[in-house]
Every structure is written in C-alpha cells, then in structure tokens.
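Protein chains in written order, with numbering that gives the first Met the number 0: chain A, 0 to 351; chain B, 0 to 351.
Watch out, some of these pointers could steer you wrong.
Remember, identical chains collapse to one label, so a pair may be satisfied in a single copy or spanning two.
As the list claims (entries may be wrong) - Cross-link-like lysine-lysine pairs, in silico, DSS-like; alpha carbons within 30 angstroms at most: (1) Lys-351 with Lys-300; (2) Lys-233 with Lys-146; (3) Lys-257 with Lys-321; (4) Lys-300 with Lys-346.
Source of the hints: derived by calculation from the structure; they are not laboratory data. In this text, all values refer to a predicted model and were calculated from it rather than measured experimentally.
2 protein chains.
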Amino acid sequence: MYIDQLIDTPVAWMSRRNTGIVISSRIRLARNVKGAAFPGWAGENESIKICTDFEKVFEQLPLFDDVSSFEMDKLSAIDKQVLLERNLISSELAQKGKGSALVVAEDQHVAAMINEEDHLRLQAVRPGLNLKSIWKSIDSVDSEIEKDIDFAFSAELGYLTACPSNVGTGLRASVMMHLLGMKLMGELDAALNGLTSIGLAVRGILGEGTKSFGSIFQVSNQSTLGVSEEEVVKTLDKLVRELVGHEQNARARLVEQKGNYLLDHVARAFAVLTHAHLLSSGESIDMLSALRLGVDVGLVKNLTVLKISEVMLVTQPGHLQKQVGRTMTEEERDYLRASVVRDKLQKVKLVK
Amino acid sequence: MYIDQLIDTPVAWMSRRNTGIVISSRIRLARNVKGAAFPGWAGENESIKICTDFEKVFEQLPLFDDVSSFEMDKLSAIDKQVLLERNLISSELAQKGKGSALVVAEDQHVAAMINEEDHLRLQAVRPGLNLKSIWKSIDSVDSEIEKDIDFAFSAELGYLTACPSNVGTGLRASVMMHLLGMKLMGELDAALNGLTSIGLAVRGILGEGTKSFGSIFQVSNQSTLGVSEEEVVKTLDKLVRELVGHEQNARARLVEQKGNYLLDHVARAFAVLTHAHLLSSGESIDMLSALRLGVDVGLVKNLTVLKISEVMLVTQPGHLQKQVGRTMTEEERDYLRASVVRDKLQKVKLVK
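This is chain A alone, in the form it adopts within the complex (with noise of 0.2 angstroms):
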C-alpha cells in the first residue's frame, strides 16, 4: 500500500460504530529486543536489522493481512504529518531516519511504530468504548511476536521499557472522549481535575502540551508497574462508564434546562462552518465538536458523527497538504479548510 491510498482509507477509528460520547479506544504494548540497545543508543546499522526482523515477523501475522512498511527516511514532511494526523506516528518517530518505520495493517486497526522510543511499540485502535476486545486481540499479535522475537523481560519488573515510566506492562490504554455537554454546563473542569487525582492522564485532542480544542481528551492510565494488563484495562473501562453516565447527564440537563443555549451553541457552529472563508484548525475542531453534539441531541439532519470525523481528519494540515500537493502557508490552509468545511457539509440541515 502506498501512503496515497492510505489517506484515502478510513482511519480505524472511524466506522459506524464511532458514536456518541466515547470517540476511540486505543492500547498500546511497548517492547524491546533483548540484548539489543535501546534506540536511541543503537547505531544505525543495528536499528535497520531490528527493523527488518520486525518487518519479517508482522509480514506472516494473519492480522497484518496486506501490511504496509513505512521507514522514517523515505517518507515526506507532509507525509509523516499526515500519518501523525491519522495517530499512526508519534512526533518522536517523525523525527527518526533510516532504521525506523511504520508497520501498519491494511485498516489501520493495527500499528507498530519500530525503533521510536522502544524497539516496538505496537498499538490497536477501535471506534467506541472497546478497550477488553482491543486487549484481547493486541495480547495475541504480542504473543505471535514473541514467538519469533526474545523481549526484554524481568521476572521482578516485567517488560524493560527505554523510559522507566512504561516499565512493567509497557501497556498504555487510553479512550478519546467527547465531552462538550460537561463544558457547556460547567462542569468539565472538576471532571478532569478528578481524573487526573486518581492518576489518569488527560490530553487535549492535538496532543501533548496544546491547549484542548472541542472538548475532545484522551484519557489514559499512568501506572504500568505493578499491575496486571486486565486490571489497567478493566479500571480505565469502569471509570470510562463513570464519565459516559456524567457527560449523558450533563447533556440531559443542558437540553432541558438550557435548551436555547444548546441551540444557540450549535447553530452559531453550524453557521460558521457553512459560512467562514478562513477557518483554523482549532477552530475547526471546536464548531465541528458542537456539530456533533448538535447531532447527538437531535438538532442537526443529514450529518453522522462518521462524517464530522472525517471532516476533522481531513482538514488537518497534513491532509490538506497532502492533497494540494505542496506545502502552504497558514493562511492558505485555513482559506482550502473552511472551502473543504463548505463543501463536505454542503447537505446538512439544522432541525429548526
């Protein structure tokens, strides 16, 4: 698969099933080979033979059914945007060169990041709340691996991680979450304070460090050592739920106590996105985020959550560049993103 058709494929977490409140679940393993360097101390030789063993192993996994082999120095600055776009790279392994790729299966429910942080880092993506089904089947590609290739382990730790902080299980799970309806009542913040009191992380939907655009967060577990993958797996489900029933509330009292602001709130989205000629992408996230909570209440026709998903997708830089071909400035994007906006929800129609 060439990355064109990539970006022309669905990423794995948009199907019909992405509904709701609860966007995606992903997990994520990460591995090493023993007895090799980490690499970031491996020269680049060593790294180009771990990518090629990795490379052979995934090719025979029957998940890895049409699998595709990215490295790091033949792709394009807008190409690695595009994949970070599509959360299929890390900014990390942007950065790195020869030696180090992407593996990923033909739906993109699947991915290995090899030689970024760790020598493998191996992830499963699926719409909605699916984090025991992604265990079970990200457990059993780990498990083929193994068959082929030692990792790193310690009976007294677990899986040796290049960063201590993913010692242990190297497991990391994490639930993308739309939680607009707690914004607008007010609630939000508390919310996320909570979370991150009993230890889970929480980020904004451009990663690291930005500021949260849309009340999208990723929310994941910290700890790795010292608990076993189900328990992660099970506690993050069960607070997941919590959040779900907290977020349904808030969205249940804010139609029926604040009914003319929801309206308002969508409405004004919904001009914007049919109307502006210069939209950024954080602005951009932030209508289309009020959009599909528009659509969860029923205020919004001839619109799916699958297609602002997509939209979102493909207004992202990476992907506009990707498809003029070349690089552009801020404001070119921003005026070919509010045409794509325009376009893509030419049809859509608010209730009232």
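Got chain A; can you put chain B on it based on the hints?
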C-alpha cells in the same frame, strides 16, 4: 402623536441618504431663559412654567408642524428607553420628572429637550454628512424662538449655560461614522487618537463611557467658547471629510490586499445574524456593522444600509420591550433579538 406612533416612524437619520461612511450629522444648541434659574436649581413650578412657555412657542413654529410633546413624568421607563435609543432624549432628561419634556417634530429631525441640564436643548439630525445645512436649519429655528423668548446671553461670553463647557455658542456638532475599514486594517486607534489630540471628542455608539461596538463612533467638537458657530461647523466638516478619505482608503486596501479576510469577516457576521438564537445588543451591533461594510463593498445582496440601521434600532433593549409590552430579562431580550434579526434578514444573501 402618541409614543407608539413615534416608534413606527423611522428616526431622522434613517433615510435613503443614510449611506456609506457617515451615518448621520447632528447639531444641538444649549439655551437658557434670561433671569430664570437653571433647571438644576429651579423649583417644580418654575420648571413647569418654562416648559409650558416653550411648548407654546414650538407649536407656532413652521418646522414643528404636528409637534408632539412628551412630559417626562408621564412616560414609562420603557418609553423613555425607546426615546433614548432614538437619540431624542438624554439619560439625564430621562431621569427628570414633572416640568421636563421632549418636544419633537413629526419627522423627528428637529427635537427639543426642555429642562434637561439647560432650559432648552435644541437638536437637528440628518442622514449623511450635512452639517452646514443642519446649521442653517437649526439656526433659523433658534432665531424664531428668540423672537418670543429672551435667552441668557453675555456680550463678552455668548450664550450662558448651566455647565461652563457649553458657554459661548452652546453648540455641539457631531457626526456618526462607520469606521470598520480602518478597524480591520488595524489603523483605527491611531486615527481616533489623532482626532482627540486636536480637540475633538470621540465616543462609541452606545453612549459615553461604554465600550465601542461595531466600529461606529460619534465625533464632535469640544470648544464652544471663542469660536463662531460657522467655524465649528466648517472645521468639523473638513475633518470628517478627511476621515472619510482615510476610511475609503482603508476599505480599498482591505478589498485589494485582504480580500479573503474581508469576505470571511462579512460572511461570519451574516452567518451569526441569520443563525444565532441568543444575540446580545453589543454583538448584534458588531455583526450588523460588518454586514453594513459588506453592503458597502458589494458582498451582500437584498439588503440596504437603511435596513441595517432599522434592525440596529428595533433590536435595542427598549424597542424590544416596547414591542412585547413588558419588561424582559436579558436572556429573553437576547432570544427575541435573535429571532427579530433572523426574520428581518430572511431574504439577505451573500454574493459569494
């Protein structure tokens, strides 16, 4: 004329000539009756007598055909607010009771406040830049009145007034201007600072001490002492023409250099005005101001600046409450305002 009829009548600055950058011109004269105490010091009976005397004089003036008199003690709070929003009375007059009145000609272009700060505040308003003709017309009304009433006058100082800042000519000439082009080009603050540094007063559309909305400003003279009426009018007229030139220049550069930004600004304003369900007074003026610029530069169809002025006026808090016939909360007003605006702009279209 009853106040309900007055509200159904366009205000004097609303006419087909209300186009472009100068919305309206206004001149007011402050006069006091010789030998009588200023309103702030006079007793109720003395005020009532002066009020009656003036009303009789106005009834005989040809310009005040179909004159109407509104005594402050007989008006409801909402009615007073309506008159305030039409610039027919000041908030100072609105706070007065028995013995204070507004006298207004049917077309509302000449009006007089009796027993506000001075015994007589005579004003004339016209759409567009019309200071010289307004001066002629108000000067002739002033002379007519002076045939019947002796004004307090000093050969050395000129007309005597309650506040020293009006002594001399008692004349305040002002022009309401729409300066959004300079605002969007980032040149407005410098221009307004320039005006105040040469002795002009500048205030926002919603009156003294309020933040400015819609880049609509009233520019007026400060000095009344040691200058002739003709000089004041001539100087202000000249400066306003210069300012109009700057604004035209800014708009031309906006169209030429920042076309997308301008298009985006106008389209967003249109979008919000035609979709919002809660619209504050200030935001409404901001958005209508952007739409007015859109009309002026040819980006908007099926809309005149006259219609925009009408919408700005009838969506002011007093006018909305007068329409409903009762006091409303801010949210009720914002909801009704949004609905009135959507209705009034139903047929408006963007060119692109």
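Quick rundown of the hints versus the structure:
For the homomeric pair Lys-351 and Lys-300, the shortest alpha-carbon distances inside one copy (10 angstroms) and between copies (24 angstroms) are both at most 30 angstroms. In this assembly of identical chains, the alpha carbons of Lys-233 and Lys-146 lie at most 30 angstroms apart only when taken from the same copy (27 angstroms versus 95 angstroms across copies). Only between protomers do Lys-257 and Lys-321 lie at most 30 angstroms apart by alpha-carbon distance; the minimum there is 26 angstroms, versus 41 angstroms within a single protomer. Within a single copy, Lys-300 and Lys-346 get their C-alpha atoms as close as 9 angstroms, and across copies as close as 22 angstroms, so both meet the 30 angstroms cut-off.
Hint violations for this structure: none, all hints satisfied.
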